[in-house]
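One letter stands for each residue in the lines below.
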Amino acid sequence: MRQLRFIAKKEFYHILRDPRSLAIAIAMPILMTFLYGYAINLDIENIVVAVVDFDRTLESRQLADRLYQSTYFSRPERSVVFEDPEAALRRSQAAAIMIIRPGFGEAVRGRERFSLGMLVDGSDNTLSAAIQHYSSVIVADYTRDQMPLNLTVPFIEISTQVLYNPDLKSSHFFVPGLVAIILMMISALLTSITITREKETGTLEQLRTAPVKPWVILSGKIAPYILLALLDGILVLVAAELLFGIPFAGSELLLLGFGLIYVSAALSVGILISSLVKTQQVAMIAALTSTMLPSVMLSGFIFAIRNMPRPLQGLAHIVPAKYFVTIIRGIMLKGAGLDILVIHGLSLVALMAVLMTVAARKFDTRAG
Amino acid sequence: MNDRAVVVEDLSRHFGRFRAVDGISLTVDRGEIFGFLGANGAGKTTTIRMLCGLLAPTAGKGSVAGFDIYRQAESIKKSIGYMSQKFSLYPDLTGRENLNFYGAAYGLDRKQIRVRTQQLTERLNLQDFVDRLSSSLPVGWRQRLALGVSLLHEPKILFLDEPTSGVDPVFRRKFWQLLYELAEEGVTIFVTTHYMDEAEYCGRISIMHQGKIVELGRPFELVERYRAANLEDLFVDLIRNRDNVNAPA
Ligand SMILES: Nc1ncnc2c1ncn2[C@@H]1O[C@H](COP(=O)(O)OP(=O)(O)OP(=O)(O)O)[C@@H](O)[C@H]1O
Ligand SMILES: [Mg+2]
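So the sequences go chain by chain: A and B. Residue numbers for the first sequence follow our numbering, so the first one is 1 and each next one is one higher. Residue numbers for the second sequence follow our numbering, so the first one is 1 and each next one is one higher.
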C-alpha cells in the first residue's frame, strides 16, 4: 500500500514537472470534447440557393419567398447571371439553383402539371441530398396550399440535375479532402520528428557550430519531406482514381502548385513544433494533435464550416487545410481554375508566409 | 589581443533567475592546452556553448580567435572545432559518411574532404573503423571519430567538452598524445575533463564552481600554493570548502 502510494506520488511529480506534456494531457481531451461536441452538427441550415425566375409572376415570387422563409435556405450574396446560372455553382456562390421557367404561374393557377428545374452542386454529397429533400418538401407544401379542397395530388414536380458528382458518391467528396489531411499530418509529423531527433542525438548542436546558416540546415532537412509529401499526395490521388473512379476535372499543374504552398505551410508547423519541444515523443504527440484534429474537424472535410458556432468558424480561418480542401475539391471535382481559386490560394500563401517566418525565427535563436 | 585565442571578461549566462555562468574572466594563449575544470553543473558546458556561438550570453564580453562572440559568430565558427559532451555523430551513418557530411557542412569541397578524410583516418588510426556504422563503434573509437570530425576543416582552436568521458586509460593516453601533437602544431585546445591525471597534462587550468572561476593557474603551482598532495585533493578541497561556505549554517 505504501509502495503504491509512493509510486503514484512520483508519477504525479513526473507529470507536474513537465509542463508541456501536462498541457497536452489537459488540452487534448478538452479540445476534443469541444470539437466533437460542437462541430459535429449535421443539421444543415442556411444553404445558399439561388432562384432564377424566368416566370416573374406572383406565384413564382411566392414560391421563392417560401424557400427563403424556411431556415434551410438563404439567398446568395450576389444575384445569379441568367445566361449562365451554372457559374454560380462553379464559383461556390450557391449550392443549388432553382430555375423557374415561364409558365409556372399559369400552371399553378390552372392546376396543370409543371416541372421546376434544379441544378445541385454534388461535390458535397450530404449537402446536396439535403437540398433535394428540403426543396421538394417546400414545393409540395406550396402546391398543397394552392389546392382549395385539400386534394393531395402533386402537380408540380422538380426535375433535379446534380452537377460535379452526379452519383452523389461520398468517396468523391471525402478522398480529395483526405489528401489535404494526409499531407498536413505527414509533413508536420516527419519534420518535427527529424529535427527533434537531431536534438536528441546532439548532432544539431554539432551542426550549428559549423558555419552553416540555420535556414540552410532547415531547407536541407525539409526538402526530402516536400518530395515525400508530394509522393504521398500522388499516391492517394492514383488510388482515388483506381479504387473509386474519382474523376480529375481540372489542371494537375495547378493542383501541384497549390500543393507545394500547402506542404510548405505544413512543414513550417513541424519546424515550429520542433523548436518548442525537446524529444521526438513529445514532438510526435504535438504534431498529431495540432494538425490532425483541426484538419479533420475545421477544414470542411466532413463538417460544413458554415454550420459551426462563430468562434469555431473564426478558428477555421487559420487552419491551412480549410483552404486546401476547398482548392483540391474545386480542381478535382469541378475543374475550377485559378480565377476562381485565387482567393483561397492567396489566403493559403499568406498563412504559409506567416508560419514560415515564425518557424525560421524560432529555429534561429541562440536562446537555448 | 591577437595572440590570444580566447578572451573572456565578466561573461555571464542566466537561465531565468539561475546564474549558470556568473561573471567569469580568463584568457587562453595560442597553442595552449587550457584545462577547464569544475564540478558537475559548474557551468563549463554553458561557457563553451557561448564561446562557440551556440548560446547568447546574458552579459559580459568575449572573443574567440580575435572575433567578437556577439557580432562575429559566423567567423568564429570557421576557426573552431567543437566536440560536444554528447555523442554527436549520426548513429545510422558510417564514420566515413559522417566525415563526408560534416566536411560539407564546414564548406570543404569534394577533393578537400577526400584528402582530409584520408589524412585523419591515418593519423587517428581509424582505418578499420571508418566504414562501420558509428553506433556500432566502441566508445573510444567513437570519440576519436568525433575528434576527426571536429578537425576536418583544420581549425585553429578546438573546444573539447569531456572528450574522454567513458574511455579507458589506454585510449585516454593516446587521445592526449594527439592533443599534444596538435598543440605543437599551433592549435589551441580548450578542454574540460573530470580526470585529474588529464588536468596535469594541461598548460594551465581553471577550476569552476557554481558559475564562478575559483582558481586559475599552472597545475603544479596551484598544488604547491595550496600545499595539496595532488591535483585531485586540491580540487576536492576547493569545491568542498566552497560548498561549506555556501551551505546554510
Ligand atoms: N538550457 C538550459 N536551461 C536551463 N538551465 C540550464 C540550461 N543549460 C544548462 N543549465 C543549467 O546550468 C548549470 C550548468 O550546466 P553546465 O552544463 O554548463 O554544467 P557543466 O559544468 O558542464 O556540468 P557537467 O560537468 O555535468 O557537464 C546546470 O545546473 C544546468 O542544469
Ligand atoms: Mg558539461
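Keep in mind that the hints were calculated from the coordinates and are not lab data. Please note that the accuracy of each hint is not assured.
[Said to hold, decoys possible] Example chain A residues on the side facing chain B (calculated, C-beta under 8 angstroms, incomplete): (1) Arg109; (2) Gln146; (3) Thr201; (4) Glu205; (5) Gln206; (6) Leu207; (7) Ala210.
Nothing here was measured: the structure is a model prediction, and the numbers come from that model. Glycine residues also receive a C-beta, built at the ideal position from the N, C-alpha and C atoms.
Outcome of the hint check:
no. : hint   : verdict
1   : Arg109 : violated (82 angstroms)
2   : Gln146 : violated (78 angstroms)
3   : Thr201 : holds (7 angstroms)
4   : Glu205 : holds (5 angstroms)
5   : Gln206 : holds (4 angstroms)
6   : Leu207 : holds (6 angstroms)
7   : Ala210 : holds (4 angstroms)
Checked against the numbered hints given earlier, the structure breaks hints 1 and 2 and satisfies all the rest.
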